[in-house]
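Undergrad: The lines below spell out each chain.
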Amino acid sequence: MAIGDYVPHAPGYVETPGTKIVTSRFTYEDSYTMERYEATGGYEGLRAALKRTPEEVHGETRDATLLGRGGAGFPAGIKWGFCPPEVWPRYLVVNGDESEPGTYKDRLLMERDPHQLIEGCLIACYAIGLSQCFLYVRGEMAIAQQRIADALNEAYAKGYIGQNILGSDFSVDIVLHWGAGAYIVGEETALIESLEGNRGMPRLKPPFFPAAVGLYGQPTIVNNVETLANLPWLMNNSAEEYKKYGSETSPGTRMFAVSGQVKRPGVYEVEQGVTTYEDLLYGDDYCQGMRDGRTLKAFVPGGGSAPWLFPEQVSLPLEARPVGAAGTMLGSGAIMVMDDSSCAVKSALRLVRFYARESCGKCTPCREGTSWEEKILQRIHDGHGRPGDIELLLDVADNISPGPYPVASDESQGLEAVPFPPKQTTICPLGPSSVAPITSALRRFRHEFDEKIAMAVTTNHPEISVDLDSKTEVSS
Amino acid sequence: MSRLSDANVALAHDIIRRYPRPKSALIPLLHLAQEQDGWVSDDAMSHLAELVGVTPAEVKGTCTFYEMFKLHPVGTYMVNICTNLSCQLLGGEELLHHAEETLGIRAGGTTEDGMFTIEDVECIAACTEAPCIQVNYRFGLRLTHDDFDDIIAALRAGNTPDKLITSNPGEPIPSHGTLGLARQTMTEEQTAHIIAPEQIHEAPVWLTAAAKDN
Chain A
1 MAIGDYVPHA
11 PGYVETPGTK
21 IVTSRFTYED
31 SYTMERYEAT
41 GGYEGLRAAL
51 KRTPEEVHGE
61 TRDATLLGRG
71 GAGFPAGIKW
81 GFCPPEVWPR
91 YLVVNGDESE
101 PGTYKDRLLM
111 ERDPHQLIEG
121 CLIACYAIGL
131 SQCFLYVRGE
141 MAIAQQRIAD
151 ALNEAYAKGY
161 IGQNILGSDF
171 SVDIVLHWGA
181 GAYIVGEETA
191 LIESLEGNRG
201 MPRLKPPFFP
211 AAVGLYGQPT
221 IVNNVETLAN
231 LPWLMNNSAE
241 EYKKYGSETS
251 PGTRMFAVSG
261 QVKRPGVYEV
271 EQGVTTYEDL
281 LYGDDYCQGM
291 RDGRTLKAFV
301 PGGGSAPWLF
311 PEQVSLPLEA
321 RPVGAAGTML
331 GSGAIMVMDD
341 SSCAVKSALR
351 LVRFYARESC
361 GKCTPCREGT
371 SWEEKILQRI
381 HDGHGRPGDI
391 ELLLDVADNI
401 SPGPYPVASD
411 ESQGLEAVPF
421 PPKQTTICPL
431 GPSSVAPITS
441 ALRRFRHEFD
451 EKIAMAVTTN
461 HPEISVDLDS
471 KTEVSS
Chain G
1 MSRLSDANVA
11 LAHDIIRRYP
21 RPKSALIPLL
31 HLAQEQDGWV
41 SDDAMSHLAE
51 LVGVTPAEVK
61 GTCTFYEMFK
71 LHPVGTYMVN
81 ICTNLSCQLL
91 GGEELLHHAE
101 ETLGIRAGGT
111 TEDGMFTIED
121 VECIAACTEA
131 PCIQVNYRFG
141 LRLTHDDFDD
151 IIAALRAGNT
161 PDKLITSNPG
171 EPIPSHGTLG
181 LARQTMTEEQ
191 TAHIIAPEQI
201 HEAPVWLTAA
211 AKDN
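Protein chains in written order, with my numbering: chain A, 1 to 476; chain G, 1 to 214.
Everything labelled a hint here was simulated from the structure, so no lab data went into it. Where is the CB? At the ideal position from N, CA and C, for every residue including glycine. Honestly, I wouldn't trust all of these hints.
Unchecked claim - Taking beta-carbon pairs under 10 angstroms as the criterion, some of the chain G residues facing chain A (in silico):
id, residue
1, Pro28
2, Asp37
3, Trp39
4, Val54
5, Tyr66
6, Leu71
7, Val74
8, Leu85
9, Leu103
10, Cys123
11, Thr128
12, Ala130
13, Ser175
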């Protein structure tokens, strides 16, 4: 196994040049065992943290500008500071409910290096006085659950978790909890509802964010798996060292999963901000371009909820701010690549169907709207589209996310980008996310929709002829 | 079907103790019921309601929200085939159709011998390895149609298919309902302090000790 090869025991992970902060052990076949972890500096970060005051550990995290890796990209150190003082107990909930379409990083981190995640949880608990941690793993990830259960048992037995950790006065419990198949539970307030044993429906926020009122009404920090996995490295090194990687506003490295029609799809840990989509998609160390000599048609830059980008935007850096200004989001680091053989209507339908299936049903615009969107797209795709279907689709979408929806610029049509985020008439962003594939596909590939509808009209109603250029019906 | 067995009731009490409030244990307990019977029956839900101190309707309310819980018997092997975008672009739908044709059932159906249930599922987080499936939540990656047939043949013969990934090589694929083959075990002596939030009023000792030192 050398640089540039797939790592066989970590399916999808490709070893690339450069410093690895969270995937440093992936090349070892036994990376998930206590022996390997301790032999490669494991739990040294916890020891380093315990030598400092909690306030110093919190300060180091804040100084490192460790951005949340779940999707919103909020700095973890600042989020931790939102807990109201003098309200106890506080809880930590680890969001391992990775289910955003295209996203494939947390599962690798949980399966390949569970101790690193546990150490990260311990450091966070120490820093802000969290008295119990719940590790919420997605229900479908049986192997991750198994590895974490083993790792927790070993760590308890060795005194890394529990009463008076490593002889200090720091005591905390980590409980493995697992879900049962609901995408919406990845939303932090829905995650908390689910952890309380309820249906996973998001809570209304503002006014109360989980850091103030969360699990059992107590201050609760919800952090993504990858975010916490950075903490052991940070404690062993320093914020200053951490900021040597990546760009000023997005320091450190980040895991990106590139899937779809590229030559070498894979999970790559790269420096944020300084690497571009082009590097990832076409670089020799990364995806090596499109497969079968095809050309890039469009790509989803940050998970199924992100508006699409197109070939002229590949030079964008992997950094939240410029990507947001370009009309989409860095999101969960999931890139799905479509080449010119793919059908825009079908791709949009497949993503919209996801949101229609996964809507929790709490807010009417999303519950009703997403299934309307799916039905309309399905009939256009199946060759039963009707004139006016596109306008109907956009009208339904507007009820979920009013106003201009974030979308990439299109110079050929003289259209400017609409920056992220979208507006919403719903409690959580699931409903508005369903609009992303629709507006993205329509902006650039409207002719594919028009052609399908025109074909359906001429097949099903030969008495009507449609003038494709003017997009209006012409009576025969 | 049935209430939890005595051994599982003991396990259930173990799980409930890990949470500051009993209802939080509901999803793990529903998994335990499904592990016992292969699906979640009304009797099992009533029993769980007694164990965590809520009404059976509340248990059913939670249970029906989550798609992994089956309210009727399903096959010994749950075959989940992903057709979300990354898999669809690389042949996920074709693989689903192949599975439907081979097993003679439609997505959502169970074969007559009760061996296999197929489901058309959403993203299962192996997107770079498309098209992918899960059999009882063990991954099969980059599958050709022949690979799929091999998996089915191996399972019918009672073997662990080479193409399915388990935590340790050759580990058996448990029947539907069992997830990870290891459980977290916490003895009373090991735990720090799991008590209801209303019983905690003060900052944890390591914070106050550090504040005093300063």
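Undergrad: Next, verify each hint and record whether it holds.
TA: Comparing the hints with the structure gives:
This hint holds: Pro28 of chain G has a C-beta 7 angstroms from the nearest C-beta of chain A, less than the 10 angstroms allowed. With 10 angstroms as the threshold, the beta carbon of Asp37 of chain G stays out of range of chain A, its nearest partner Cβ sitting at about 15 angstroms, so the hint is violated. This hint is violated: Trp39 of chain G has a C-beta 13 angstroms from the nearest C-beta of chain A, more than the 10 angstroms allowed. Proximity of Val54 of chain G to chain A holds as hinted, the smallest CB-CB distance being about 8 angstroms (cut-off 10 angstroms).
Because the smallest distance between the Cβ of Tyr66 of chain G and any Cβ of chain A comes to about 3 angstroms, under 10 angstroms, the interface hint for this residue holds. Because the closest C-beta pair between Leu71 of chain G and chain A is about 12 angstroms apart, greater than 10 angstroms, the hint is violated. Annotation: Val74 of chain G was flagged as interfacial toward chain A, and the flag is violated, the nearest CB pair being 14 angstroms apart, outside 10 angstroms. Hint on Leu85 of chain G holds. Least Cβ distance to chain A is approximately 5 angstroms, under the 10 angstroms limit.
Interface restraint check for Leu103 of chain G: the shortest CB-CB distance to chain A comes to about 21 angstroms, outside 10 angstroms, so the restraint is violated. Against a cut-off of 10 angstroms between C-beta atoms, the interface hint on Cys123 of chain G holds, since the closest Cβ of chain A lies about 4 angstroms away. Taking 10 angstroms as the C-beta cut-off, the interface hint given for Thr128 of chain G holds, the closest approach to chain A being about 4 angstroms. Residue-level restraint check for Ala130 of chain G holds (minimum Cβ-Cβ distance to chain A is 6 angstroms; threshold 10 angstroms).
Using the Cβ-Cβ criterion of 10 angstroms, the hint placing Ser175 of chain G at the interface with chain A is not satisfied: the shortest such distance is roughly 13 angstroms.
In the structure shown, a violation is registered for the earlier hints numbered 2, 3, 6, 7, 9 and 13, in ascending order.
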